[in-house]
Amino acid sequence: MMNRKGDSGDWVNFGGFFLICLVLGGGIALGIVIFFGEGYNFKQAESEILFDSVRDCFLERDFFDEAFNFSMCGIDEGVLRKDRLVLVSNLENGEEYSIGVRSYEVECDLNIEERPYCSSEEVVKGGERFLIITGSGADSRRILR
Amino acid sequence: MNRKGESNLESNVIYMVLFLLVAVPLLVFVSANNGGTAFWEDFYSKEISRAINVAEPGSKICLDVTKGSAEGFDNDVSESEMFRFDNVNNEIIVKFRQNGATAYSYFNGVDIVDWEIIQAVGGREINQLCFRVVERQR
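Note that the protein sequences, when read in sequence, are chains G and W. Sequential numbering from 1 applies to the first sequence in the working numbering. Sequential numbering from 1 applies to the second sequence in the working numbering.
Heads up, some of the hints might be wrong.
Said to hold, decoys possible - Derived contacts from chain G toward chain W, CB cut-off under 10 Å, selection only: (1) Arg61; (2) Arg115; (3) Leu144.
Unchecked claim - Computed spacing ranges between beta-carbons, pair by pair: (4) Pro25/W to Phe14/G: 49 to 57 Å; (5) Gly15/G to Arg132/W: 45 to 53 Å; (6) Ile112/G to Asp86/W: 28 to 36 Å; (7) Leu131/G to Phe29/W: 39 to 47 Å; (8) Gly78/G to Ser11/W: 16 to 24 Å; (9) Glu116/W to Arg129/G: 19 to 27 Å; (10) Phe18/G to Glu79/W: 55 to 63 Å; (11) Pro25/W to Phe68/G: 39 to 47 Å.
Hints are computed from structural coordinates only; laboratory data are not their basis. All residues carry an ideal CB built from backbone N, CA and C; glycine is no exception.
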């Protein structure tokens, strides 16, 4: 005989039990986050350090040359491609060079908690004006070793 | 044959599984944040990366890591495990707890060699992480 009346009692507290687990767990996790903070936000500082390195490199090298790569300036391109942005725009003719996460150009201006941070400045080189934007959305990575 | 005993066992097992689904991630989270250890790993990995990013090849850098290394010693992490540099992926790995570590990347294309924790002699005990920044060797 299927679905006896007594059997349904086993599942009466199912939702309540799960809810209590979630509320207790969430409460403990929230308490820890509030007490210890959400981590160390390093994005603004990193975007400024990156900007200084990129500006020095830009003044020495031609970013718009096909043979150019950042290792010529002692910067690791693999790291730049992940969670960072370098964008150089020629303000005279609209030519652009970029590497990394291009969307940071827009995301840096959003008013959201987990946004990347950018640094930008106009630079004059060879009589032309360029806008350099660097950004960082990088965060530390938890690993199991 | 749906006996009552079998039904109770089944529901108890499901309750236990659900409980573990919530409790295990919570325990991992709580142990990772125990005493703010995860915060200190995060902090030191980023600050060390900052120092590397502005360093010139040929420099030797020493940073005060007293607070973080004390967390590591409290959690029985050996000195050699607390700070490691992955020159292939350009990462600093900081470990102050047994069940995990924190990694952060630096964009300066250099290699880090000869890192060690030394105890500076002074009015109070200070642990310093010292390392040398050299030209990329690949």
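For each hint, the structure was consulted:
| no. | hint | result |
| --- | --- | --- |
| 1 | Arg61 | violated (14 Å) |
| 2 | Arg115 | violated (17 Å) |
| 3 | Leu144 | holds (5 Å) |
| 4 | Pro25/W to Phe14/G: 49 to 57 Å | violated (20 Å) |
| 5 | Gly15/G to Arg132/W: 45 to 53 Å | violated (60 Å) |
| 6 | Ile112/G to Asp86/W: 28 to 36 Å | holds (31 Å) |
| 7 | Leu131/G to Phe29/W: 39 to 47 Å | holds (42 Å) |
| 8 | Gly78/G to Ser11/W: 16 to 24 Å | violated (52 Å) |
| 9 | Glu116/W to Arg129/G: 19 to 27 Å | violated (48 Å) |
| 10 | Phe18/G to Glu79/W: 55 to 63 Å | violated (45 Å) |
| 11 | Pro25/W to Phe68/G: 39 to 47 Å | holds (46 Å) |
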